[in-house]
Amino acid sequence: MNSNEFDVIIIGGGITGAGTQRDCAMRGLKTLLIERSDIATGATGRNHGLLHSGARYAVNDPESAEECIKENQILRRIASHCVEETDGLFITLPEDDLGYQQTFVEACRKAGIRADIIDPDLARRLEPSVNPDLIGAVRVPDGSVDPFRLCAANMLDAKLHGGQVRLHTEVTGFIREGNTIRGVHTRHLVSGEEADYYAPVTVNACGIWGHAIAQMAGVNVGMYPAKGALLVFAHRVNNMVVNRCRKPSNADILVPGDTVCIIGTTSTRIPFEECDHVAVTPDEVTLLITEGAKMAPALSSTRILRAYAGVRPLVSADDDPTGRNISRGIVCLDHETRDGLAGFITITGGKLMTYRLMAEIASDAVCRKLHIDKSCETASIPLPGSEEHSYEAVAQKIWETPSMAQKAAAARLGTSASHIQTSSRTDESLVCECEEVSVGEVNAAIERLDASTLTDLRRRTRIGMGTCQGGFCACRAAGLLAKASGCIEKEREGLVHFMQERWKGNFPIGWGDTLREAEYTQWVYKHVLGL
Amino acid sequence: MKLQEYTESRHNFEECMKCTVCTAYCPVLQVNPRYPGPKQAGPDGERLRLKDPYFFNYALKYCLNCKRCEVACPSDVKVADLIQSARIRYDKSKPKLRDRILASTDFMGSLARPFAPIVNGVTGLGITKNVLDATLKIDHQRTFPKYSGRSFEAWLRRREKEQAAFPEQVSYFHGCYVNYNYPQLGKDLVKVLNALGVGVRLLEKEKCCGIAMITNGMSEQATRHATHNVAAIEAAVHEGRKVLTTSSSCTLTLREEYPNLLGVDNTAIRDSLLMATRFIYEKLERGASLRFRPDFHKKVAYHVPCHMERLGWGVFSEKLLRLIPGVEFTLLDSACCGIAGTYGFKKENYAASQAIGAPLFEQIRAVDPEVVACDCETCKWQIEMSTGYTVANPISILAEALAD
Numbered sequence: 001m002n003s004n005e006f007d008v009i010i011i012g013g014g015i016t017g018a019g020t021q022r023d024c025a026m027r028g029l030k031t032l033l034i035e036r037s038d039i040a041t042g043a044t045g046r047n048h049g050l051l052h053s054g055a056r057y058a059v060n061d062p063e064s065a066e067e068c069i070k071e072n073q074i075l076r077r078i079a080s081h082c083v084e085e086t087d088g089l090f091i092t093l094p095e096d097d098l099g100y101q102q103t104f105v106e107a108c109r110k111a112g113i114r115a116d117i118i119d120p121d122l123a124r125r126l127e128p129s130v131n132p133d134l135i136g137a138v139r140v141p142d143g144s145v146d147p148f149r150l151c152a153a154n155m156l157d158a159k160l161h162g163g164q165v166r167l168h169t170e171v172t173g174f175i176r177e178g179n180t181i182r183g184v185h186t187r188h189l190v191s192g193e194e195a196d197y198y199a200p201v202t203v204n205a206c207g208i209w210g211h212a213i214a215q216m217a218g219v220n221v222g223m224y225p226a227k228g229a230l231l232v233f234a235h236r237v238n239n240m241v242v243n244r245c246r247k248p249s250n251a252d253i254l255v256p257g258d259t260v261c262i263i264g265t266t267s268t269r270i271p272f273e274e275c276d277h278v279a280v281t282p283d284e285v286t287l288l289i290t291e292g293a294k295m296a297p298a299l300s301s302t303r304i305l306r307a308y309a310g311v312r313p314l315v316s317a318d319d320d321p322t323g324r325n326i327s328r329g330i331v332c333l334d335h336e337t338r339d340g341l342a343g344f345i346t347i348t349g350g351k352l353m354t355y356r357l358m359a360e361i362a363s364d365a366v367c368r369k370l371h372i373d374k375s376c377e378t379a380s381i382p383l384p385g386s387e388e389h390s391y392e393a394v395a396q397k398i399w400e401t402p403s404m405a406q407k408a409a410a411a412r413l414g415t416s417a418s419h420i421q422t423s424s425r426t427d428e429s430l431v432c433e434c435e436e437v438s439v440g441e442v443n444a445a446i447e448r449l450d451a452s453t454l455t456d457l458r459r460r461t462r463i464g465m466g467t468c469q470g471g472f473c474a475c476r477a478a479g480l481l482a483k484a485s486g487c488i489e490k491e492r493e494g495l496v497h498f499m500q501e502r503w504k505g506n507f508p509i510g511w512g513d514t515l516r517e518a519e520y521t522q523w524v525y526k527h528v529l530g531l
Numbered sequence: 001m002k003l004q005e006y007t008e009s010r011h012n013f014e015e016c017m018k019c020t021v022c023t024a025y026c027p028v029l030q031v032n033p034r035y036p037g038p039k040q041a042g043p044d045g046e047r048l049r050l051k052d053p054y055f056f057n058y059a060l061k062y063c064l065n066c067k068r069c070e071v072a073c074p075s076d077v078k079v080a081d082l083i084q085s086a087r088i089r090y091d092k093s094k095p096k097l098r099d100r101i102l103a104s105t106d107f108m109g110s111l112a113r114p115f116a117p118i119v120n121g122v123t124g125l126g127i128t129k130n131v132l133d134a135t136l137k138i139d140h141q142r143t144f145p146k147y148s149g150r151s152f153e154a155w156l157r158r159r160e161k162e163q164a165a166f167p168e169q170v171s172y173f174h175g176c177y178v179n180y181n182y183p184q185l186g187k188d189l190v191k192v193l194n195a196l197g198v199g200v201r202l203l204e205k206e207k208c209c210g211i212a213m214i215t216n217g218m219s220e221q222a223t224r225h226a227t228h229n230v231a232a233i234e235a236a237v238h239e240g241r242k243v244l245t246t247s248s249s250c251t252l253t254l255r256e257e258y259p260n261l262l263g264v265d266n267t268a269i270r271d272s273l274l275m276a277t278r279f280i281y282e283k284l285e286r287g288a289s290l291r292f293r294p295d296f297h298k299k300v301a302y303h304v305p306c307h308m309e310r311l312g313w314g315v316f317s318e319k320l321l322r323l324i325p326g327v328e329f330t331l332l333d334s335a336c337c338g339i340a341g342t343y344g345f346k347k348e349n350y351a352a353s354q355a356i357g358a359p360l361f362e363q364i365r366a367v368d369p370e371v372v373a374c375d376c377e378t379c380k381w382q383i384e385m386s387t388g389y390t391v392a393n394p395i396s397i398l399a400e401a402l403a404d
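So the sequence lines, in the order shown, correspond to chains A and B.
The opening position of the first sequence corresponds to residue 1 in the numbering used here, with each subsequent residue numbered one higher.
The opening position of the second sequence corresponds to residue 1 in the numbering used here, with each subsequent residue numbered one higher.
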């Protein structure tokens, strides 16, 4: 086999693509993943980071609910370093119908989701941030999951199984032979270098962009871009996931994740042209704060860090204008049987929670085409980093008396934190002060996790995600990137771009402390650093 | 619709803009690299601690609680309060016997006072210091405060009638130091206030303000003291009296630490609680007058204690000292002396404590005053021990300058 020949090419570096690559690689296939940007740049990294119990779908979409609870239990085992087992509450407020609670609990139990009706008093004690006026509460096994870590760990495991990854590489066309896809033409977006890769099967795992990729291959996948906006608050208000116990609606999930908490979402149909430039509108911000404060009143006076939006890759099923009633079910299309185009599979629909199942379905389809009889092992073998169950144990094992940055790194990377160099004082000094990210951790991300830009680093380490939004860490990290790449000018431009991108997330919520800090950062960058 | 007219967070930690000026002003960070610094330990660490108490950093014990970070902060973040309240909330280690002893200033005082000459003799011995160093880890190089044979309370109680005769009345929260170690300061205050036509009373019963308990992991005891003291002070305030103090640290504790760290509401007493220097200065401003000795002359260098800076009241002591005819006044540079109450007594902190104070000691030697003025008793111990210069409360200097 030549170096540009593979068993399977996967397009899309979101969680579905990364999961599919891991699954195929674990089954012994020679895999290549191509991503035009970085890992988790689409819907994967633009959601709540909710480890669904499935309860949210139990009433309207029992099939998804069942998938969710199964995957929920699997992820707790195989991705423990990406998951926080917080549990969740479905609260009923005075304006909601308490009768829905019974329907909800019954549906949950039917789907295999543990749902305990608890006393509102107990709910207030368990989660002090919850609206004290609540009249009902149900406890479910919700949690939170870090999509960036999950995606990086899947890709890392694929690489450990011989897989190859090309980031910042765009598919410019397909190599066709009659009605068969034989491979792809690609171009590296930074260097401009063009390359062709060949494989008997290509998997389209591009989320909403899968629509365009399918078109490029000459087939049509009817997709439905639904924008969802979210707000990140600057610190954790809650330590349990809080949901509204009613029919799914806007801004009714509040998820604690790492050092922040996130409220969302909205659902608005948008044209395909907007998918690359989704922006959060003032109306969406108003809606998120107003509705969010009903669940946790503190949100109305908690500093907001960022606003962002993602696009759900829903597959059109009917004419529902909101997209709320469309099944979040998994869609795997074999274009050979569907459209007569051999060597091409689309895997879409689904959601972050069910990525592993999606990957399993896609990999099964790939193996069928390749006549390979290997079963899926991703549900039982832990991802790299998740070999220990708690970050306390990880940190203790690696460092004995871990520093704050080491504790934080263990919480982010799990057992993979052992790859962080701590031999010198420089390694241990901090790049990011808000999130306690050390020089060693940034260097490890550059070397081991394919980070080549500041944004790549942000997704892998949380630099730039804290309250200073890159003010202190971005210039330091740019220095480390420059050291690794040997090109100062490129990193200087990257720094400017990164800071502008951070400001984009601040802009919709640019008031109060966030505005003060953004201005301060601007002074530093403009007048001290001269950018 | 007006959204988020204001944001709020515990001790304002989200107001932090990461300007890092607190870190530049932290005296500990300059001498102890193991301390993460106020920004890291305060607002930055708080976000991680909210995620999981596992991220509580035991190095927070190196914080002096000098509050210089709070004075420096342009965003009104209560940095030191964040650090101390994190210690209260998350530090699960039990206070050591040593820390309990050091923190129980009034209990130890009441034990030691009746045997003052013996206790003073024994604690002054090299062998005692070596034993304390080896057993309790109280540094042997430290000089212990002397105990007084008779308490200030007993002294003032015998003068109740005479004090009640003055047209105006104040209550005095004297604190453990005046009561057990140095009643002369209390007597000096009585002398000055009497000269202004003000009589001095004790509170119903005061307890130690609890500052040392707060910093030594005994917040429950401190809260009990706080509740008691607020009630005792409130009784005096209710009868129309101001309550004066001569210790800047007791004052800061009563005014700020009670509500901010212990959650004890003191709104009813907060505005009636004053450092004596402020009360006297304001009285003189409004036209009262004092008669000074014509022959008085003294070269005074004033060190503003950190907690006095936090109160923002150093200016009253300074102006009062400058008013005294014959005082040759130098204001020392703003600096921490390093002792921070019981902090500097601990063996593990001794070196840092002396290093922090070094620039101040050097300046005092350069100025070479006859007396160093200072509103804090623990600064006094530290400066006297480290420089050999005598330290006196501004009230004592004022009393000395008064004509009889």
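These aren't lab readings, by the way, just hints derived from the structure by calculation.
Don't take each hint at face value.
Said to hold, decoys possible - Chain B stretches covered by chain A per the calculated footprint, using a threshold of three residues with CB under 8 Å from any CB of chain A:
hint : stretch
1    : 5–16
2    : 33–41
3    : 123–131
As the list claims (entries may be wrong) - In the EDC-like style, the derived pairs of lysine to aspartate or glutamate whose C-alpha atoms are separated by at most 20 Å in a straight line are:
hint : chain 1 : residue 1 : chain 2 : residue 2
4    : A       : Lys-294   : B       : Asp-265
5    : A       : Lys-397   : B       : Asp-52
6    : B       : Lys-51    : A       : Asp-87
7    : A       : Lys-70    : A       : Asp-96
8    : B       : Lys-92    : A       : Glu-392
9    : B       : Lys-242   : B       : Glu-285
10   : B       : Lys-61    : B       : Glu-285
11   : A       : Lys-483   : A       : Glu-428
12   : B       : Lys-51    : A       : Glu-66
13   : B       : Lys-51    : A       : Glu-501
14   : A       : Lys-294   : B       : Glu-8
Fair warning: this is a prediction, and the values are worked out from it, not measured in the lab.
Just so it is clear, CB atoms sit at the ideal spot from N, CA and C, and this is done for glycine as well.
Results for each hint:
1. With 8 residues carrying a beta carbon less than 8 Å from a beta carbon of chain A, the stretch 5–16 of chain B meets the three-residue requirement, and the given coverage holds.
2. Evaluation of the coverage hint for the stretch 33–41 of chain B: fulfilled, as 3 residues show C-beta separations to chain A shorter than 8 Å, against a requirement of three.
3. Note: the stretch 123–131 of chain B has 0 residues with beta-carbon separation from chain A under 8 Å; the three-residue rule is not met and the coverage is violated.
4. For the proposed pair A/Lys-294 and B/Asp-265, the alpha carbon gap of about 29 Å is over 20 Å, so the pair is violated.
5. With a C-alpha separation of about 19 Å, the suggested pair A/Lys-397 and B/Asp-52 falls inside the 20 Å cut-off, and the hint holds.
6. Distance check on the hinted pair: B/Lys-51 and A/Asp-87 sit about 14 Å apart at the alpha-carbon level, within 20 Å; holds.
7. Restraint check for A/Lys-70 and A/Asp-96: the C-alpha separation of about 29 Å exceeds 20 Å, so the hint is violated.
8. Taking the CA atoms of B/Lys-92 and A/Glu-392, the gap is about 16 Å. The hint holds against a cut of 20 Å.
9. Proximity of B/Lys-242 to B/Glu-285 is assessed by CA-CA distance (about 17 Å); at most 20 Å being required, the pair is judged to hold.
10. Restraint check: the Cα-Cα separation between B/Lys-61 and B/Glu-285 comes to about 42 Å, which exceeds 20 Å; the hinted pair is violated.
11. Proposed proximity of A/Lys-483 and A/Glu-428 is supported: the alpha carbons are some 17 Å apart, at most 20 Å.
12. For the hint linking B/Lys-51 to A/Glu-66, the alpha-carbon distance of about 30 Å lies beyond 20 Å, and the restraint is violated.
13. For the hint linking B/Lys-51 to A/Glu-501, the alpha-carbon distance of about 26 Å lies beyond 20 Å, and the restraint is violated.
14. For the proposed pair A/Lys-294 and B/Glu-8, the alpha carbon gap of about 17 Å is at most 20 Å, so the pair holds.
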